[in-house]
Amino acid sequence: MRPRLLIIILLVLTAGCAKPPAQTKYAWMLYSVPSATVGSFVGQSVALFPAAKIEWDPNQEVYRETIAGLLFAALSADRNGLQFIPVDMVQGRINAAGAWDDFLQMYKDYEITSVLRKDLLAKIGRATGARYAIVPKLLRYQQEVFDRATIVGISFLKTRQSTVDIHVQIWDMETGMVIWQGAGEGTEATEFVSGSPISFLTVAQRACESLALKMPWTVAPPPPAPPRKDLQQAPSWTPRLEE
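For what it's worth, my numbering labels the leading residue of the sequence shown as 52, then goes sequentially.
Quick caveat, the hints were computed from the structure, so don't treat them as lab data.
The structure presented is a predicted model; accordingly, all values stated were derived computationally and were not measured.
Keep in mind that a hint or two might mislead.
Label pairs and their in silico Cβ distance ranges [claimed, not checked]: (1) K209 <-> R130: 41 to 51 Å; (2) G143 <-> D170: 14 to 24 Å; (3) L155 <-> T253: 39 to 49 Å.
Mimicking BS3-like on lysine-lysine, the simulated pairs with C-alpha atoms at most 25 Å apart in a straight line are [unchecked claim]: (4) K76 <-> K209; (5) K265 <-> K104; (6) K159 <-> K174; (7) K265 <-> K76; (8) K174 <-> K104; (9) K169 <-> K159; (10) K159 <-> K104; (11) K169 <-> K104; (12) K209 <-> K169.
Where is the CB? At the ideal position from N, CA and C, for every residue including glycine.
Just need the whole structure built from these sequences, with the hints factored in.
So this is what it looks like as C-alpha cells:
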C-alpha cells in the first residue's frame, strides 16, 4: 500500500511542477475594409482616444486611462510612415479648440450606441489635426488563482494568473466609418508561493503589443495564390472535318 501511495504522490508532483505558460499574447483582426492597406496610411495622422468604458463594470474606470498610453507606446515602436498623436496631446488640442462639449457628447453617445456621430467626429478630427482615430475598449481584466497540485484534498502549489482583453476600432474621422477593428489578449502566470502579484500594466502591455502588430498599416496583404494546375485551361483544338 505504501509503495503505491508514493507512486501516486510522485505522479502528482510531476504533473503539478510542470510550470504553466508564463507569458502569452494573441491578437485577432475582426474587420477591415478593402481600402485599409499599408500604402493608404502613409503620411497620415492617427489620434489615440481615451478608452471607452463598459457601463456595467465600474472597476474599469481605474484602468482605462492607461490603455491608450500603452497602445501609443506599442505603436511608436514601428510608425511605418504615420504620425501617432498620444491621448494627452489629443485632450490638450480638444481643449484648445473649445471642442470639449462635443467630445463629451460624442463619447456619451458611443458608450450607449457604439457609434461615433459623424458630425462630432469630424469636429474632433479638425481639432486634433488627425485623419484617423483609434478607440480602445477594455473588455476584461481578470485575476484568478487555481491549484496545480493537490494531495488528499490539500493544495500545496497554486498559480496566480492575470488576463487582459482589449478591443480596438479605427475610425475615419472624415467619413465617419469604421475601417478596422481587432482584439488583443495578454496573459501572465506566476507561482503563488514564490511569485509576486502581476500588475495590470504588465499584462495590458502584452495585449497592446500584440494588437500593434495586427494594425492595417503593419500587415501586408497576402500574396495571390498561384493558379492551380488542375484548373488551367486545356489546350485548344480544332476538330477536323471529313471531306
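Hints and how they fare:
Range check, K209 to R130: about 42 Å between beta-carbon atoms, so the 41 to 51 Å window is met. Here the CB-CB span from G143 to D170 is close to 22 Å, well matched to the stated 14 to 24 Å. Hint check: L155 to T253, Cβ distance near 32 Å, so the stated range 39 to 49 Å is violated. For a cut-off of 25 Å, the pair hint linking K76 to K209 stands: about 22 Å separates their Cα positions.
Using a Cα cut-off of 25 Å, the hinted pair K265 and K104 holds, with the two alpha carbons roughly 22 Å apart. Taken as a hint, the K159 and K174 pair is honoured in the structure, with Cα atoms around 16 Å apart against an allowance of 25 Å. Our distance criterion of 25 Å between C-alpha atoms is met by K265 and K76, whose separation comes to about 12 Å. Proximity of K174 to K104 is assessed by CA-CA distance (about 22 Å); at most 25 Å being required, the pair is judged to hold.
At roughly 14 Å between alpha-carbon atoms, K169 and K159 fall within 25 Å of each other, so this suggested pair holds. For the hint linking K159 to K104, the alpha-carbon distance of about 10 Å falls within 25 Å, and the restraint holds. Annotation: proposed proximity of K169 to K104 holds, straight-line Cα distance about 20 Å (limit 25 Å). Proximity of K209 to K169 is assessed by CA-CA distance (about 50 Å); at most 25 Å being required, the pair is judged violated.
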